[in-house]
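So the sequences go chain by chain: A and B.
My numbering numbers the first residue of the first sequence as 122 and each following residue consecutively.
My numbering numbers the first residue of the second sequence as 122 and each following residue consecutively.
In case anyone wonders, no lab produced these hints; they're calculated from the structure.
Hints may be right or wrong, so weigh each one.
Heads up, the list lumps identical chains together, so a pair's fine if it works in one copy or across two of them.
[Stated by the list, open to error] Cross-link-like lysine-lysine pairs, in silico, DSS-like; alpha carbons within 30 angstroms at most:
(1) Lys327 / Lys825
(2) Lys393 / Lys658
(3) Lys329 / Lys744
(4) Lys825 / Lys744
(5) Lys251 / Lys169
(6) Lys825 / Lys393
(7) Lys329 / Lys825
(8) Lys188 / Lys251
(9) Lys188 / Lys169
(10) Lys603 / Lys481
(11) Lys289 / Lys744
(12) Lys574 / Lys658
(13) Lys291 / Lys574
(14) Lys948 / Lys658
(15) Lys393 / Lys574
Protein chains: 2
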Amino acid sequence: MKFLSVMLALTGLLTAPLSAADWLTEQPDASAFTLVGANSQARLYIDKEALPGVQRAAHNLVSDIAKVTGKTLLLGQQTQSEQLVIIGSLGHSAVLDRLIAEGKLDVSAIEGRWEAYQIKTLQQPLPGVKQALVIAGSDKRGAIYGVYSLSEAIGVSPWYWWADVPVKRKSSLYVQASAAMVDAPKVKYRGIFLNDEAPALTNWVKEKFGDYNAQFYVHVFELLLRLKANYMWPAMWNNAFADDDPSNALLADEMGIVMGTSHHEPMMRADKEWNRYGEGPWEYSTNRDNIYRFWQQGAQRHKQLESLFTLGMRGQEDEPMSEGENIGLLEQIVADQRQILSDTFTDDIRQVPQVWALYKEVQGFYERGMRVPDDVTLLWADDNFGNIRRLPTAEERKRSGGAGVYYHFDYVGGPRSYRWINTVPIAKIWEQMHLAWQYQADRIWIVNVGDLKPMELPTDFFLRMAWNPTAFSAATQAAFSKQWASQQFGPEYAADIARILDGYIRHNGRRKPEAVEADTYSILHYNEAGRVSTELKALAELNQQVEKALPPVYQDSYFQLVAYPLLATQAVFELNHNLALNRLHGKQGRVTTNDYANQVRYWFNRDQQLSGQYHQLADGRWKHMMSQPHIGYTYWRNPPANLMPVVSTYAPAAEPVADMGVAVQGSELSWPLNEPLGQDLALPDFTLYGQQQRYIEIFNKQLKPFTFNAATSAPWIRLSQTTGDVNQQQRIWVSIDWQGLSEGTHQGWVHVQGTGWGGARILVKASKTPQAVKGNFVEADGYISLQASDATIYGNHARAWWAPIPGHGYAGQSVSASAHADYVWQKDEPAPYLEFPLYLFSQGQFDLHLWLAPSLGFVPGRGLRLAVGLDDQVPQTLDILSDSSQQAWQQSVLDGLRKVTTRIHMTQAGQHKLRLYLRDPGVVLQKLIVDTGGLQPSYLGPPASLYIR
Amino acid sequence: MKFLSVMLALTGLLTAPLSAADWLTEQPDASAFTLVGANSQARLYIDKEALPGVQRAAHNLVSDIAKVTGKTLLLGQQTQSEQLVIIGSLGHSAVLDRLIAEGKLDVSAIEGRWEAYQIKTLQQPLPGVKQALVIAGSDKRGAIYGVYSLSEAIGVSPWYWWADVPVKRKSSLYVQASAAMVDAPKVKYRGIFLNDEAPALTNWVKEKFGDYNAQFYVHVFELLLRLKANYMWPAMWNNAFADDDPSNALLADEMGIVMGTSHHEPMMRADKEWNRYGEGPWEYSTNRDNIYRFWQQGAQRHKQLESLFTLGMRGQEDEPMSEGENIGLLEQIVADQRQILSDTFTDDIRQVPQVWALYKEVQGFYERGMRVPDDVTLLWADDNFGNIRRLPTAEERKRSGGAGVYYHFDYVGGPRSYRWINTVPIAKIWEQMHLAWQYQADRIWIVNVGDLKPMELPTDFFLRMAWNPTAFSAATQAAFSKQWASQQFGPEYAADIARILDGYIRHNGRRKPEAVEADTYSILHYNEAGRVSTELKALAELNQQVEKALPPVYQDSYFQLVAYPLLATQAVFELNHNLALNRLHGKQGRVTTNDYANQVRYWFNRDQQLSGQYHQLADGRWKHMMSQPHIGYTYWRNPPANLMPVVSTYAPAAEPVADMGVAVQGSELSWPLNEPLGQDLALPDFTLYGQQQRYIEIFNKQLKPFTFNAATSAPWIRLSQTTGDVNQQQRIWVSIDWQGLSEGTHQGWVHVQGTGWGGARILVKASKTPQAVKGNFVEADGYISLQASDATIYGNHARAWWAPIPGHGYAGQSVSASAHADYVWQKDEPAPYLEFPLYLFSQGQFDLHLWLAPSLGFVPGRGLRLAVGLDDQVPQTLDILSDSSQQAWQQSVLDGLRKVTTRIHMTQAGQHKLRLYLRDPGVVLQKLIVDTGGLQPSYLGPPASLYIR
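Turn these sequences into a full structure, and let the hints steer you where they fit.
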């Protein structure tokens, strides 16, 4: 086939109600618009008076079509063409005016709207034109977005430049005659904040462009426009956008990007500009005149440019003001800033877009009563870790300036910076930004993307969702990674690639790589670190298959977008995993200690090798881009370089000797170290439905092999072997002969003898219970562990409902309490609930651990609560945020979880129903654990309990 | 001078009332007996019928005199000599009989006594004999001891063979005509147990003698006789004395050594003989006939030999019997054993010496009522760590068989074996064995000396004290090491050598090297590990001086007896000290981590090099003797070899970077690791009488140097420097400007900035109090620390008294509660007390920590108590052993201390008198600490508090 269904694969990505059928003909019928045909091609028409930004987009379209088809279409003021693409924005296109005037084009669907565009085929619209494809914008950006929509549709990824995504080559491009589409954004300002820019982005910029100049920004702006964004906070660490290169601001305005300055840089002036030009201290209380003048100059400079003015003031370098929370002073500052704006622009200050960022302590000013005029947009922020702190109340939603959200994919600060690769799952972004949309924080969505480069996927999702928040539901957001993979790499491997993307991001969402330490994942319990290692290894193997299968043209892009983040994630995990084993084996004095030290070195070097490979792609196209140090964090700040951890090193006796040690599953303790402590080695208790095999590990502390002998004190204790030779280590598996046991708790010993006198004695306990009743989750190994998504949902209604969010949380399955924005549960009102049928052999007061998303109480006066009910007991309301300490918050963002514990009273063993009642929306439940006495410390918690069918 | 005052230096060692003046003439007058003169020499006479053991001793005397003077005296039945030495034992010497009969010799002082001897010059005793020097024994050993007394007096150390102590050469030897001496032992059986014999002793024996045969034992027996011992338990691990070499038992009997078998080997049969010849199990309940016959053979074999029969039975290999504590069975066993003895020897079983060792669980049998006949000696034991468990009650003292003590200088067992070098201070041996003497456990003193070789000093002391327990008082025992050093190396360096000996033994007495671990001595508080390091370093320097000064002939001996144990002790300490620093620096991620790892390796190798040097002395004369593994203990059993500890290893970033860390004195915490923990760095509080300087340590975690800046929040905080360059680490000393401070507690901060954003903040607190009143120990740094020996003693009386024991305890100064054996304090009776005047700035309920010797309650029904009184409050009685747990005992023997804590109530600040009242004898107090809130963990406790004069 010569032509291709160019839009097909992208449907899911497109946020407008345009289906493939609207655009395409499988067989180009006579009526199809021929963009590039077998023997013909369209011309592109653009008015002379068209805005430069639109012209630039049109030129890019020509270039994109050429990349796809090899054909360079003519672009100009010539309409003489059988097939004509007409590009223009209303009021800036004589041709569009004429078509409208002649009744040939109806633009009522976009006219007067913000950034709307319309794409439509017209028959015989102009003399000599058989067919036209009109791309009309309600305004400049409307037209630009229309153009880039076509660009994307024919197979040019927005990331073609920024991630080397190859253009999909096609010989022909047809558009169905019936194609007709109208689209416009739902969030007004959609943008990114280039932040945390050194060393990675900055060194790359310096090498490629010399500085943060227009040659650099043109690529950023184009990316934004292709992603249908319109707003930006520029890099500001050691940079001053408008001052570094006077072309920067002009270029932004020309291309259609509304510039702002970051939340703490008021009045379109960069923080660094004060260093360069400011006189006196950055203290408004003592240096008002100089600062006032400084701001005046900012307003003046941007008088002709489309801008969104940040108001307010913080200390320099994004620190709180030294004045502290001086509300009076800040109110004066805002008043002065608005005076400047009104002096510079117009008396109708409402015409000048302004934003007040309620970031960090500034939110406190607001909560304590400080207000800004109604026309200023209130920019609420997350907690820097993706959890929105506050959304508009019903009252606030009436404000004319509306509200927005400042979100983070990257952050420099406590409890621990995350500045490297992507760590934010799509489901989490969706869940939080969906709330923002629901609570009408829809004026500005801006996200801190750090260095930009490694955040391609979440940035793409965030901006698409900003364009149309309703395009994604809890259910459909989970398909995004596959759709995105398909756009970048074609449909063939999209499912596998999505598995890899989802996999590494789920891992990083559990805990950011910067915060993963040797003791994060348990090497003792639930084989936790081992399971995570296996997960990542399986992904790495899949990655290798995909990498091998993908054509060479995809390799660079694939490495950047998929392979590198996965493999580097794995390297950081394995480095820490092996460090934990190195330390434990070192403590136990094992001969294997150095093997793990070598593994730590291997994974450290592996990480270096991977970033080296990244930097060498395409002759160094992305050199420096992965140079952000990420190994060796000890507190909030990143280490000055990736730092190899201190490892434990073992040296054997010069003359080989043998020296037995014995460890048991689930314990750091080992024989003989336990003897002086007076502590027994003991296997975790065996239960009928629990783990049926547990190991004793007999290890050598020295180089000479030895023979061990193992014996049991009772016949019901079974050993996989009773003697063997130990070189380095050897596991004996212990199991229970349940048939030989009566009901009740039994106790026995395994004795292990090896080198020298004495030996290890290991306690074995087995509790034989009756059979459990079917249809229940059953207690075993001292706990019941439940995935929220395994609940049965009852009582959902139109105003409140529990809903699963696939892809969310540690296990990629959470359940969210959702409700209408102003829903407040009324006492005695039936509430939707989750129900779990349980079967316990124990009775008593037990801890119930609830693991929830670390969401915040974003509605003043309403908490984040749910209610826990057991059987027919009255449900007990639980305030998830009852611990409001900084410490608890820090723990929650490090864990990516808020852990809450309550007590439940199982008055008797047997069957029970555990119910979780909806109280406040915003609660997202991941996991529940009933600790009946055997719960062991771990990061991910025990695996889900057995459900007996 | 041609002649020398040969006895002078030894007076202190000799236990008989023989002074130099009795023996010597400075100028040989006409009346002096000439042993070896300028031109003449004596003959030695011994009767033909003299016992072979006496003859052997006489031959050794000839050989000893030849070593000293180069002159070989004639020995035989010829009396024709102007100067004649007459050697004999009563009843076995015709010459002595004749002299007695002729009234020329009065032996009434020794006649009929056990092992007594008499040395006396006689004028013209026989025809042609101008002068005779008579050495007469009341019995065989009496004569032998007399001979070896002369040997020792002329300058032959008992250790000449076993420690290569050079004989002091002299050209002449004279004995004053008035010389007249009588001596006899106070303890009947005095001996050693060769135990713990592999790998060191056994491999040496195998290489030198092939086996534990008579060629080996002859040296052991001679040593024992020279030390005036008479009893021995032979090596038994893989040996059977009487079976390995049939000459062994015959030789012992001939030389005069009474053989026994160890506490768990009854009836003169070695444990290992059962393995060789026993039929059936070692279970008397099931295999009586075979075991009975086995024992009969033992009695029969030793029928003609002087033996001390061990009765009773334990399991094999020194384990409890598998029967458990079956008293009935054990009584049957003893009855059967006595039947065998009476069948073999005589109906009067009381003529056959027998001992029942009340070791470990066997003591329990006794305490629960089991008894053996009155003529059997009860051998009480220590707790294997030098603390006697039990001494005879007044009732038990009436038993005809009497009692003895089995003591340890070496032990294989829990909580931790000690099998290497000497760890038992003389003062401790004296204190415990003095009690044994006081409580009339005087029938047997036997000590486990392990491999024998490295225990020269304590063995010498133990056996000398066994000969005459009253020769040493609390005060004079402290001079022993100097006297001993003088005997081995001459008087010139004796004081220095004694300092070295006392120093290393005090160190090992604090904690045995086997039990020293990285965290034993605090690297954080009181500069503890640093002070110990300095102590040992000073001793090592002194050792080097002495070694250099000593003539070559002494070098081998000096290395064995002095240099090696000191330097190897130092190596073990420094290995652990540097391991602690390695771990701390590793945890803190310091660039210096590897320096300490290298130090650990250095000291590990140093230890190997020292034992290598020992093994190479005199062409390998002591090869294997120091091969006992002693580094790498993790529980009671020794490691299979000296094992290099696992160390922390650091690898810097490939491209040098700088990375600041900050630590403070007294804390493991360091910046920035403290930030995520939410803990402040803080210096210990400053007080007026406390430490006046404390440091902040600014360190580099990487290779590139950096500059730091430090500032204070208040002018009263003084810094030694406020900026500087840090290569590896740099200390800033913080002090307080007290003049600038008002009374009360003040708080401020030191801020340190170095690499990157942020920096460390260190809390500084200073409490200014009024001046303290003179004449008191003053509270500072949150405690008062008192040496018991700094107390003033009041109220001592004839029946009970406090007395200092120099050389005892951690600091070499303890005070002992002493009393008559059956003293029991009566309520309201005034008791002797120790008094400390204190000055406190604090008031409240404080912990008072008492550090006491780990002595046990050796008298049934009487505890180990003292009473604590504050000012005029009623003294509160404190039971030192109130915690009777195995755990508490283990801790006490590991620490060499029993730590007891009580509460005292200081109702107000100011002056107080703290008093410790005597209640039970046996209490030995070392140190007292009043914790007013600032006491930090350490091993040795804080240094003694300031006494204001």
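Task: Contradicted hints - numbers only - done: 2, 10, 14
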